[in-house]
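Protein chains in written order, with the numbering used here: chain A, 3 to 295; chain B, 887 to 1190.
Hints were generated in silico from the structure; no laboratory data involved.
Hints may be right or wrong, so weigh each one.
As the list claims (entries may be wrong) - Straight line, CA to CA, 35 Å or less: simulated DSBU-like cross-link-like pairs of lysine-lysine: (1) B:K1026 x A:K197; (2) B:K1026 x A:K291; (3) A:K50 x B:K1026; (4) A:K48 x B:K1026; (5) A:K48 x A:K291.
Claimed, not checked - So the derived label-pair ranges between C-beta atoms look like this: (6) B:A1061 x A:A124: 34 to 44 Å; (7) B:A1107 x A:G111: 33 to 43 Å; (8) A:G44 x B:G1071: 30 to 40 Å; (9) A:L175 x B:G916: 15 to 25 Å; (10) B:G901 x A:T218: 39 to 49 Å; (11) A:R38 x B:R1016: 19 to 29 Å; (12) A:F61 x B:D976: 36 to 46 Å; (13) B:G1096 x A:A124: 27 to 37 Å; (14) A:G24 x B:P1147: 54 to 64 Å; (15) B:A1061 x A:A144: 51 to 61 Å; (16) A:A124 x B:D908: 30 to 40 Å; (17) A:G20 x B:P975: 24 to 34 Å; (18) B:G916 x A:G24: 27 to 37 Å; (19) B:P975 x A:L55: 45 to 55 Å.
No residue lacks a Cβ here, since even glycine has one placed at the ideal position from N, Cα and C.
Take a look at the letters that make up each chain.
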Amino acid sequence: MSEPTGVIHDIGYQRYTGPRLGRRQVFGALYLHGVRTTFGLGRSAKAKIFPWLVVGIVFTFAATLTAIRAQIGEMILTYAQFADNMSWLVIFFVAVAAPELVSRDLRSGVLPLYFSRPLPRADYPLAKLLALVTALWMLLGAPQLVMFLGGAFTADGMREVWDELLDLLPALLYAGLWAVVFASVGLLVASLTGKRAFAAGGIVAVFLMTTPIVGTLSILPSTAVNQLAGLASPSTLVQGVGIWALRDLLVTDPDAGLSGLGPFGPVYALAAVALVAGCVTLLLARYRKVAAR
Amino acid sequence: MTLIATESLTKVYGGGVTALSDLTVAVEPGIVGLVGANGAGKSTLIKLLLGLLAPTRGRVRVLGLDPTTDPAAVRTRVGYMPEHDCLPPDLSGAELVTHLGRMSGLPRTVARERASEALRHVGLHEERHRPVGGYSTGMKQRVKLAQALVHDPDLLLLDEPTNGLDPAGRDAMLALVHRIGTEFGISVLVCSHLLGEVERICDTLVAIDGGRLLRADHIAAMTSATDVLAVEVSEGTDALAARLAALDLPVGREGRLLLVPLADQGTYDLILGAVAELDLPLHRLDQRRHRVAELFARREGSHV
């Protein structure tokens, strides 16, 4: 008869003497956790449905555009226009992802557990913001990469591929602008309430309810007001900056609605910067208050 | 080394509410009980210790570090268990504690290992993979304790750890806290408004009231030589009192109870012998520590 060889010992509590990571790595961990959360990774199956539905739609759209282009040899949408056309989906994506990122933590009261840990107070909202920006940028940028690859494989020679790339890169920056503006506005709204439904409604309201204001302003009998109308809504603000910065890539149809910015292009750019800066400032102030509670 | 030291620590909130006033206290490592009524300033003190609030006046040091100037260094070595519900219901206990371990600076694999260990130490085994939303209050309190323990702190700040627990759950939680303080080698600050609860497990007791220090001392100094035996008989209380007095025992009366100072184990025998001789129905005979509450009550009374 053999003696039992494996014996389980209760070795009691073990002190930890290994490395403790610094602020940068902790921020990175929180950021990656946030990116995963926006796509429902590491979450329940229910939380995955909506993000992946949106991802599916944008990629199907990009694949269709690529296929059409390969067939008839004509580009229906430029890379930059792709981002514009996807803006509605982005709004809904933000309305789901931003509350998922911040409202859930507010509601469950888990924040004291974060703020009693070494990471500085501002790191929590900034990591979440960066995560949402990344998710949105990937959502808008990755399909453009698919379109680019499709275009590159059907191109004749390196010259055309290079031209294609020169079209793509500004469009990716433009997608980044969409991501930054939508993420900062969306996250600020979501951070105001612990109720996810309210947060989602608030985000949709901010983005969609401001559109009629733009519509009204753009038909007032004053050219300057018409040209500045786009400032009233985040979506048209971003489009305005895009039209000003990369005109040819965005406006292929000279009769397009919002192409008339007049001399106010830089105003749009400044307004976008101010909007993002304002939202981030308010977001940090909001979390200063939350942390002290 | 001094565990926690404050020097005329004062915190006045924006609205002019004074939560702590001129609190000077120094406690040694061990299990420290912080008692006071609701609103006495316990939670404010904890937030000051964590560096979440800045003191209005005075100085505070935790583990020799200043949380107002270097909160990150303090928080690396401190674990905090809040009073209120703080667990996201859709995460499992293991996921949550792992994530929070990473937030404390543990590498990924270490965080996972230590999370399982911490959950095992607080008594959660297979349940740790279920969503927290389905946990009982007792299990939730254990997860809250595990997340404070995951990064191996040198000091645990527990804000009302027995909140919402039934008597058995309270005993289990207190036993766990006692074990952490004695076997794990981690100092613990336990906040409670129930004096009788913390006095059972702590070495040092700090009592605050209205933001002021009532008393801070070793528990031994507060309760020494105060053990009493309480005897209750259904009838013949007077006869028993006379009998015990005849045996040279200084008997005191408190309602239907007879209180006899416990000199040594022989006291039990004397009392039991007396009860048996008189053939009285003995209702109870138990050892009562002199409640620290009485000390505070007396002290407060003498101030008035």
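Structure-based check of each hint:
no.: 1; hint: B:K1026 x A:K197; in the structure: holds, 22 Å
no.: 2; hint: B:K1026 x A:K291; in the structure: holds, 26 Å
no.: 3; hint: A:K50 x B:K1026; in the structure: holds, 26 Å
no.: 4; hint: A:K48 x B:K1026; in the structure: holds, 24 Å
no.: 5; hint: A:K48 x A:K291; in the structure: holds, 32 Å
no.: 6; hint: B:A1061 x A:A124: 34 to 44 Å; in the structure: holds, 40 Å
no.: 7; hint: B:A1107 x A:G111: 33 to 43 Å; in the structure: holds, 38 Å
no.: 8; hint: A:G44 x B:G1071: 30 to 40 Å; in the structure: holds, 34 Å
no.: 9; hint: A:L175 x B:G916: 15 to 25 Å; in the structure: violated, 59 Å
no.: 10; hint: B:G901 x A:T218: 39 to 49 Å; in the structure: holds, 43 Å
no.: 11; hint: A:R38 x B:R1016: 19 to 29 Å; in the structure: holds, 21 Å
no.: 12; hint: A:F61 x B:D976: 36 to 46 Å; in the structure: violated, 28 Å
no.: 13; hint: B:G1096 x A:A124: 27 to 37 Å; in the structure: holds, 34 Å
no.: 14; hint: A:G24 x B:P1147: 54 to 64 Å; in the structure: holds, 59 Å
no.: 15; hint: B:A1061 x A:A144: 51 to 61 Å; in the structure: holds, 54 Å
no.: 16; hint: A:A124 x B:D908: 30 to 40 Å; in the structure: holds, 32 Å
no.: 17; hint: A:G20 x B:P975: 24 to 34 Å; in the structure: holds, 32 Å
no.: 18; hint: B:G916 x A:G24: 27 to 37 Å; in the structure: holds, 31 Å
no.: 19; hint: B:P975 x A:L55: 45 to 55 Å; in the structure: violated, 24 Å
Hint compliance for this structure: hints 9, 12 and 19 are broken, all remaining hints hold.
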